[in-house]
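Student: So in numbering that gives the first Met the number 0, spot 77 of the sequence shown is number 76, and the numbers just go up one at a time.
Note that these hints are calculated values from the structure, not bench results.
Calculated cross-link-like contacts (lysine-lysine; reagent style DSSO-like; alpha-carbon spacing at most 27 Å):
#1 K103 x K51
#2 K60 x K86
#3 K108 x K51
#4 K60 x K103
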Amino acid sequence: MLLNRNKFGGFRPAKILKQEKMDAPITSDIVIINGNSHPDLANLIASRLGVKNGGCSVYHKTNRETMVEIGDSVRGKDIYIIQTGTKDVNNNIMELLIMAYACKTSSAKSIVGVIPYLPY
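Using the sequences and the hints, build the whole thing.
Tutor: Rendered as structure tokens:
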């Protein structure tokens, strides 16, 4: 609870403003993409926010090279990359970095990495 000092030197509780419900939906400038670590989590977050989960596919070639293909346009959009840690942490981090680089070279407005669990 926040406390404010009143004119007599004592403290009184501050007014807490009620948070009003947003009437406007979230804009289409937000794109959520995910790697291979937890696609169900990214789908759940996208459905709760009411935004589309971006069409991103991450796969590994036979020589263990990580490839990323972003199907939707991310130009001028705010990108949130959902990537958590699993048993193969190094590959998960590399997937996150390669997805961020792919978004950067595709002229994304901003890129935010969301890492709910990092087991290091």
